[in-house]
Amino acid sequence: MTGDFPKEWQYRTPKTKLLIWAFWLCMVAGFVYCWQVMTEGTIWYFVQDAPRQAADIGGRMWPPKLSYVPELMIPLWDTLNMATLGTMLGVILAVPVAFMAARNTTPSATFLRPLALFIIVASRSINSLIWALLLVAILGPGILAGIIAIGLRSIGFVGKLLYEAIEETDVTQIEAIRATGASPAQVLNYAIVPQIMPAFWGITVFRWDINIRESAILGLVGAGGLGLKLQASLNVLSWPQVTTILLLILITVVISEWVSARVRAALI
Amino acid sequence: MTSYPTTWKRPPQIFKHRGWRIGLQIAVLAWFVLAIGSIDANWERIIAGGERGLRFVQGFLQPDFTSRWSDIRGGLIESLTMTFTSTIVGIAISIPIGIGAARNLAPRPVYYVCRSIIAVSRALQEVIVAIFFVAMFGFGPFAGFLTLTFATIGFIAKLLAEDIEGIDESQAEAVRATGASWLQLINYAVQPQVMPRLIGLSLYRFDINFRESAVIGIVGAGGIGATLNTAIDRYEYDSAGAILLIIIGIVLIAEYGSSYLRKFLQ
Amino acid sequence: MLSVEHLTKTYKTGDKALSDVSFTVEKGQVVGLIGPSGAGKSSLIRCVNRLVEPTSGAIKLNGTNLVGLGAGDLRRARRRIGMIFQEYALVERLTVMENVLSGRLGYVSFWQSFSRRYPATDVERAYRLLDRVGLIDHADKRADALSGGQRQRVGIARALSQEPELLLVDEPTASLDPKTSRQIMRLLIEICQERDLPAIVNIHDVPLAQQFMQRIIGLRAGAVVFDGTPDQLTEDVLTTIYGAEDWTAMRTGAAEDEQAERDAAREMARLGA
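Residue numbers (this note's numbering), protein chains in the order written: chain G, 38 to 305; chain B, 2 to 267; chain V, 184 to 456.
One chain only, chain G, in its complex shape (with noise of 0.2 Å):
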């Protein structure tokens, strides 16, 4: 048998190999004159100047001055309470909003979820420092500002993968609850709490994690805690007490880390 086979075996046709180097020939184009608007305004002396600035500093740092840790007792403590009182701020803002945005359990589909969509993305989009520098603005400074900051950070990241899962909860269970006669309030409290409540703890405890890294930095912008520290530390140019900082809030996360790593083991 002759059959007449193509005599050259191409990995894909001509037009999407066209497309493919389009999309390359744009993406080093735009990359070339991106990099050049970003480094208008570089000063090369400075650039070529690093790694000489970097060892110096580096040799600044070393050793860390650990007769500075006992100093830093009370703001670690503050940046701890920051983390776990903004988590829980932040979560019991978030399960109305997660229940608003969850297709199977809101009110009002034309109204309510898109506002809560809203609030979501809005609070996702602003990092807890720029919530932060706001509200030491307003409130002044202090541990409270942090709280609030790391609150309305959260409700986002909870709300988002608290809705996600109210939604993937299986329907028959949901269905034979409301076989029995059960009421809205009491579908929710058997059928879809119980479903959610793994997901909710995971969630909990992954975005506390995430808030006590965050709250180690936002006494930067005046909300107390190890970040305070920080600040002045490196406003005095006092290099071994900022590495003393900085290793202190690298073993917090670390310790924070494997905590919730093994609640969230623990859960499932």
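Treat each hint with caution, since some may be false.
Derived DSSO-like pairs (lysine-lysine); straight-line CA-CA distance at most 27 Å [unchecked claim]:
id : chain 1 : residue 1 : chain 2 : residue 2
1  : G       : Lys52     : B       : Lys264
2  : G       : Lys197    : B       : Lys264
3  : B       : Lys264    : B       : Lys159
4  : G       : Lys197    : B       : Lys159
5  : B       : Lys264    : G       : Lys54
6  : V       : Lys324    : V       : Lys362
7  : B       : Lys10     : V       : Lys324
8  : V       : Lys195    : V       : Lys243
9  : V       : Lys324    : B       : Lys17
10 : V       : Lys243    : V       : Lys199
11 : V       : Lys210    : V       : Lys243
Here are some, though not all, of the chain G residues that point toward chain B, as calculated from beta-carbon distances under 8 Å [to be verified]:
id : residue
12 : Met75
13 : Ala91
14 : Leu176
15 : Glu204
The hints are simulated quantities; they were obtained by calculation from the structure and are not laboratory data.
As the structure is a computational prediction, the values presented were derived from the model and not from experiment.
Beta carbons are placed, not taken as given, at the ideal position from N, Cα and C, and that holds for glycine.
Given the structure of chain G, go ahead and fit chains B and V onto it with the hints provided.
Only chains B and V this time, still in chain G's reference frame:
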């Protein structure tokens, strides 16, 4: 006729021992009281701030895009170019590191080196990294670009490595059985399996990098964050509101755009 | 007594699931509902307790027309109708006891159910039912710790704790192995006889229906094409219900099932020995 109990209590699910449960409840309550006590709010200052808060809400509802437009425009251009270049460079560096950090492909020493790079990149907050890069490279978007690139590496390389470790071994086996070299193995067995997710991750990281670019400006690394910081320092809440709305808008566009692009590519 | 009169259901997509279905079920009678998938069995059973809203027709349970009831009246009507599901539909993360007690939700206030403080009679009844289905030792276990057959028994106990006047049973054995399927069917029939309870049972397994049901209704494309005793269910009738090829395929399927069951029994015997 047997008789049955008339009461039922839900058995405790996590802490079976009664003493533990009560102890834990007391500890949580004690912590809560102490934590609330340590807030130490200055009520006079907060009440005085009420008026400013109101002005901010008004600024958010009636944003002023015009009076600081040239600053906003400059900040936005810096942020967007920073985001674009750092995402691309970050991904380019992440791919070899991600492959190196996959246990099923890389030799032991390479694996440990790559995993350490990822761990360092993930452990350091963007803002802290930015502080150092600003100190080394001077103020401006170049330091921001380096910060975001650095953060992208930890993010993409880690998820890429996990993805490669999770590929279907039988496909790799089949390619290996044809006598393919290591590079051919990557190209034929690994790349097709992880490519869709890599594209998804890259788009997601672009989104994150833009949001982060708004933050690192606060410590001097250029971008829209610097403009925002200035606006808040000057108490120009209507301009600040405008900037926040622009950030939200761009994040929204990026999110919808990436989900659309992902659907298109599949 | 349940009577379904001229029941029609058309979905929003335009699919006609049921057209002009009428029948009555007497007290204590167990009716099997057979038909190919897509014939409207599931829609019919869900129309009765209005998990699916009927388009037109009437459904009368002991004199009350369920169609057109308002939300509150519907909830009161639903608590008189017990339902048993194909995939058990237990709330997996609640305990067995909570699942059984959830049958009482229509009778207690929200706070009673929220705090799990059910009236003594409800708790006693729940224990009695768990004993009846042979699971009294499992009351405090979580539902997802049970096997398929055990879960379906909890499903039965939940439906019975409603003290229903009618049972709706949707493919009770579809997720179970042949042996457990027969045990569950036997339990269902016994319970209906004990309580003089009428039941509608959706069932895709014709031999199983013939073995256990007193009366069989055959649905095809949303219409009743057969209504009679299992003896009257001849090859010809089955061909009308399922179409020629499907029916032959199904019979071979059933034969394979039986074969598999015999193999399994032999295997078990060998392992035991």
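Results of checking the hints against the structure:
no.: 1; hint: G:Lys52 to B:Lys264; result: 20 Å, holds
no.: 2; hint: G:Lys197 to B:Lys264; result: 20 Å, holds
no.: 3; hint: B:Lys264 to B:Lys159; result: 24 Å, holds
no.: 4; hint: G:Lys197 to B:Lys159; result: 23 Å, holds
no.: 5; hint: B:Lys264 to G:Lys54; result: 20 Å, holds
no.: 6; hint: V:Lys324 to V:Lys362; result: 24 Å, holds
no.: 7; hint: B:Lys10 to V:Lys324; result: 12 Å, holds
no.: 8; hint: V:Lys195 to V:Lys243; result: 25 Å, holds
no.: 9; hint: V:Lys324 to B:Lys17; result: 14 Å, holds
no.: 10; hint: V:Lys243 to V:Lys199; result: 22 Å, holds
no.: 11; hint: V:Lys210 to V:Lys243; result: 13 Å, holds
no.: 12; hint: Met75; result: 4 Å, holds
no.: 13; hint: Ala91; result: 5 Å, holds
no.: 14; hint: Leu176; result: 5 Å, holds
no.: 15; hint: Glu204; result: 16 Å, violated
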